[in-house]
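Q: Listed here are the chains, written in short residue letters.
There are 2 protein chains.
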Amino acid sequence: MSSTGTANTRIPVTLIPGDGIGPECVGSARRILEAAGAPIEWEECQAGAEVFKRGLPSGVPPETMDSITRTRVALKGPLETPVGFGEKSANVTLRKLFETYANVRPVREMPGVKTPYSGRGVDLVIVRENVEDLYAGIEYAQTPGVAECLKLISVKGCEKIARFAFEYARSEGRASVACATKANIMKMTEGTLKRVFEEVAPDYPDIESWHVIIDNCAHQLVKRPEQFGVIVTTNMNGDIISDLSSALIGGLGYAPSANIGNEIAIFEAVHGSAPKYAGKDVINPTAVILSAVMMLRYLELFEQADAIEHAIGVTLESGVLTGDVMGYDKGTPTTVYTDAIISNLGKRSETWTVREHTPLKLPKLAPEADYVRPATRAVVGLDVFIESPFSATELGASLMELTADTKLSLKMVSSRGTKVFPPTGAITDTLDHWRARFIIRENPGDLPDDDVHELLQRISSRHRWMHIEKLQEFDGELGFTRDQGEN
Amino acid sequence: MSSTGTANTRIPVTLIPGDGIGPECVGSARRILEAAGAPIEWEECQAGAEVFKRGLPSGVPPETMDSITRTRVALKGPLETPVGFGEKSANVTLRKLFETYANVRPVREMPGVKTPYSGRGVDLVIVRENVEDLYAGIEYAQTPGVAECLKLISVKGCEKIARFAFEYARSEGRASVACATKANIMKMTEGTLKRVFEEVAPDYPDIESWHVIIDNCAHQLVKRPEQFGVIVTTNMNGDIISDLSSALIGGLGYAPSANIGNEIAIFEAVHGSAPKYAGKDVINPTAVILSAVMMLRYLELFEQADAIEHAIGVTLESGVLTGDVMGYDKGTPTTVYTDAIISNLGKRSETWTVREHTPLKLPKLAPEADYVRPATRAVVGLDVFIESPFSATELGASLMELTADTKLSLKMVSSRGTKVFPPTGAITDTLDHWRARFIIRENPGDLPDDDVHELLQRISSRHRWMHIEKLQEFDGELGFTRDQGEN
Chain A
3 MSSTGTANTR
13 IPVTLIPGDG
23 IGPECVGSAR
33 RILEAAGAPI
43 EWEECQAGAE
53 VFKRGLPSGV
63 PPETMDSITR
73 TRVALKGPLE
83 TPVGFGEKSA
93 NVTLRKLFET
103 YANVRPVREM
113 PGVKTPYSGR
123 GVDLVIVREN
133 VEDLYAGIEY
143 AQTPGVAECL
153 KLISVKGCEK
163 IARFAFEYAR
173 SEGRASVACA
183 TKANIMKMTE
193 GTLKRVFEEV
203 APDYPDIESW
213 HVIIDNCAHQ
223 LVKRPEQFGV
233 IVTTNMNGDI
243 ISDLSSALIG
253 GLGYAPSANI
263 GNEIAIFEAV
273 HGSAPKYAGK
283 DVINPTAVIL
293 SAVMMLRYLE
303 LFEQADAIEH
313 AIGVTLESGV
323 LTGDVMGYDK
333 GTPTTVYTDA
343 IISNLGKRSE
353 TWTVREHTPL
363 KLPKLAPEAD
373 YVRPATRAVV
383 GLDVFIESPF
393 SATELGASLM
403 ELTADTKLSL
413 KMVSSRGTKV
423 FPPTGAITDT
433 LDHWRARFII
443 RENPGDLPDD
453 DVHELLQRIS
463 SRHRWMHIEK
473 LQEFDGELGF
483 TRDQGEN
Chain B
3 MSSTGTANTR
13 IPVTLIPGDG
23 IGPECVGSAR
33 RILEAAGAPI
43 EWEECQAGAE
53 VFKRGLPSGV
63 PPETMDSITR
73 TRVALKGPLE
83 TPVGFGEKSA
93 NVTLRKLFET
103 YANVRPVREM
113 PGVKTPYSGR
123 GVDLVIVREN
133 VEDLYAGIEY
143 AQTPGVAECL
153 KLISVKGCEK
163 IARFAFEYAR
173 SEGRASVACA
183 TKANIMKMTE
193 GTLKRVFEEV
203 APDYPDIESW
213 HVIIDNCAHQ
223 LVKRPEQFGV
233 IVTTNMNGDI
243 ISDLSSALIG
253 GLGYAPSANI
263 GNEIAIFEAV
273 HGSAPKYAGK
283 DVINPTAVIL
293 SAVMMLRYLE
303 LFEQADAIEH
313 AIGVTLESGV
323 LTGDVMGYDK
333 GTPTTVYTDA
343 IISNLGKRSE
353 TWTVREHTPL
363 KLPKLAPEAD
373 YVRPATRAVV
383 GLDVFIESPF
393 SATELGASLM
403 ELTADTKLSL
413 KMVSSRGTKV
423 FPPTGAITDT
433 LDHWRARFII
443 RENPGDLPDD
453 DVHELLQRIS
463 SRHRWMHIEK
473 LQEFDGELGF
483 TRDQGEN
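Protein chains in written order, with the numbering used here: chain A, 3 to 489; chain B, 3 to 489.
A few of these clues could be false.
Note that identical chains are pooled: a pair holds if it fits in a single copy or bridges any two copies.
As the list claims (entries may be wrong) - Calculated pairs, DSSO-like style, for lysine-lysine (alpha carbon to alpha carbon, straight line, at most 27 Å):
1. Lys278 with Lys225
2. Lys116 with Lys225
3. Lys55 with Lys189
4. Lys282 with Lys225
5. Lys225 with Lys332
6. Lys282 with Lys55
7. Lys332 with Lys282
8. Lys278 with Lys55
9. Lys189 with Lys413
10. Lys116 with Lys282
Hints listed in this document are in silico derivations from the structure and should not be mistaken for laboratory results.
Work out the full structure, taking the sequences as your base and the hints as a guide.
A: Structural data, given as structure tokens:
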């Protein structure tokens, strides 16, 4: 976060117009920020479709990376990932390469924009973890017919996002933070965010906090969204509930976002590049303008941010609305809408309250890689994932025979989380994908790798395996879950 | 599916009253079904809190399992999993042990129940895959500070649920099936459902079909829910969007569900056991009654199902509403509401259209375990997950040295899906959890397990690993994803 926002020094910001309607949205925001007297020095850079077509598979050229590394702040339009040019989305690339771990998505009822929720004062912020979880995109075809994706969640990542959510709430004077997870089903991964959130909460006694199961959170967001202030959640859950929430207030045309890390912040609308509306002067630039307002506050240019927010409020109250809400034949053109906001700078909205903001304090955590240090630890067994056309009983018998004289004994075989050997009487439609769980036969202790290698060689002699997980204990607690039917 | 629903033979059904408000809901449904003349022989069985307290960790006693195995159909109330008694939810246990792979959640605007969506005719069904995905609950503490959950998706599981969704749409005369996935981020797991859905769709030319990204689906469900007929989706996504959807029509009091497998079907309300309302004659039993209506249709007792649906419509139209919508001080008591429905049997609702139903055909897939058979396959490398306090550069150098004279060479080291060695210039907050990717140095072909064992022994000599994945190719296609920054 920069604190150099005085009238004399201009703050450098990387500006990425982006694809499709991006240049119109970003152009509108830039004109408004300049008219509001925000002391910004724009560095215009490229990313997206044109860059992919030049043959760069990331969609982000080195000069854009350099600019962001230097300015540490970017305002960007939507980027396209043209089919057949890039494997990864350029939007995701930017977020990941700069470790912008917090995705911030404010959702607030706009004056004059009619929705089924109008008049209820929806005003919430989704804080979504932006780096970990299924979004790491680590996938394997484990058998020809079974694929796996790894959901990875770290204590450190959870502490960063939980503290960030509380700090963000404080910076906006918000009264509450809810944590939304699926900890009841995924006790170790989703459960980590719940546990860390509850550990961190007492550091913020001024803010009310509670946990809500993610599916109930989605239900409550539709039923009574006004109950929420800030909601913090994991990456994939956050993806779904933030898009859900933006529909409560009139759609993506009013959905700004920020991707904030401890080094770099990127501000952007949530919507896509909508090529069919590009260049027609019909699109709603409010989402990018509101993203720019978030950026001004991040830069501690509070006065200009407040002025623009009021001007947007006055403009919408006066019934000046774009085609996305009015119909594209009747909407105010983008440029006219922008002019209206500029002409309303200095006026104060009657109905729209601008929150009082204070500088956002980013959480600084200890830099150690081994952030969590258990007093005791041990390897107590091994899960081996096997591809086999055998039945559960045949496979179980074969594995028992193969490993009879090793240090490890077969505890069970399971199929997608349900124990099938020894048989339980369950009706399970098994595939050729099995998990065999081995535990130390006697004298539990730390299993040496030599015994692991021995076991693998035995299994390899007769079966095809593709995945192994060591079963560990940390501070005497099991570091693995039991299966359905396993005792 | 049974077809023995004639007037002379009674169909045996397992009845589980459940916990909290369960017995009142189930009792209401039972009275209504009996009054409607449904030829059912109830076998009342236990499951839930009392069973956990008797010391059975599954919450489901053998006699209940036996009854369901025999009757193949169950109607159940909500079950509690008391804290400290059971590790797994008894609700989930029943679904998993009987391979009820399809969770069906109809969501329809009810007459007289006011919501922000009233009058728009919301009438959709979420078909959620019920067995696979993150819900298998397979988790590992991989390092003291990093946890992993496995998301497993099979081609066969996807084909079953995709075909089920189309068959279900047909049985209700619905015009469309949308498939909601996150295939753009998880191409192998979520992508499997999208691909299989698109392969299966041409078998149902009478039904319109399309794919929608899950976050956009959540957005559209709030913005324009009336556009959807049937939505088919994976387990975790389905959990969130089905609870989202039930809020569109007045909440969980009106949310029935079915868990259907090829052998067994379990019908239940979505809501919990709400102990604070138990025994007070104030709760809304409609969700269980509507679940029982779904059960009647599954049993092909269409006439009784239609009669009850009409009677519910007439009752709600007449303004007889329970405490969940009226306020618990003003609502119609559960028993009075039930009496009203019974007294309205035989009347036809003016505003509520009962769909014409035909028998549901369950998809029968080939029973082979190796459901997908590639013509060619090969192991081309290995991902080894390592716990290390080293920096990325130190770890990378050490691994290169250790494996210099093996068949495999280090391609990269990554941290939660982002490549960090060889360095890319990205800002990545690394942990002590790394993934090292090794590929066959030359002459790509099928890597023998001996070389895998050799590599592991080398790594074990200096580093702590906890997870291995073989990198495979099937029919010449990569069976693994590339990381952010990996080319």
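Q: State for each hint whether it applies.
A: Status of each hint after checking the structure:
When the C-alpha separation of Lys278 and Lys225 is checked against a cutoff of 27 Å, the pair qualifies only between copies, where the shortest distance is 21 Å, while the shortest distance within a copy is 34 Å. Within a single copy, Lys116 and Lys225 get their C-alpha atoms as close as 17 Å, and across copies as close as 12 Å, so both meet the 27 Å cut-off. For the identical chains of this complex, Lys55 and Lys189 are inter-copy neighbours only, at 22 Å across copies versus 44 Å inside a copy, given an alpha-carbon limit of 27 Å. For a Cα distance limit of 27 Å, the shortest separation of Lys282 from Lys225 across copies, 25 Å, qualifies, whereas the shortest one inside one copy, 37 Å, does not.
For a Cα distance limit of 27 Å, the shortest separation of Lys225 from Lys332 across copies, 21 Å, qualifies, whereas the shortest one inside one copy, 32 Å, does not. In this assembly of identical chains, Lys282 and Lys55 lie within 27 Å of each other by CA distance solely inside one copy; the values are 24 Å within and 67 Å between copies. For a Cα distance limit of 27 Å, the shortest separation of Lys332 from Lys282 inside one copy, 13 Å, qualifies, whereas the shortest one across copies, 55 Å, does not. Taking identical chains as interchangeable, the C-alpha atoms of Lys278 and Lys55 lie at most 27 Å apart only when both belong to the same chain, with a minimum of 19 Å there against 62 Å between chains.
In this assembly of identical chains, the alpha carbons of Lys189 and Lys413 lie at most 27 Å apart only when taken from the same copy (22 Å versus 33 Å across copies). Proximity of Lys116 and Lys282 under a CA criterion of 27 Å is satisfied intra-copy only: 24 Å inside one chain copy versus 40 Å between copies.
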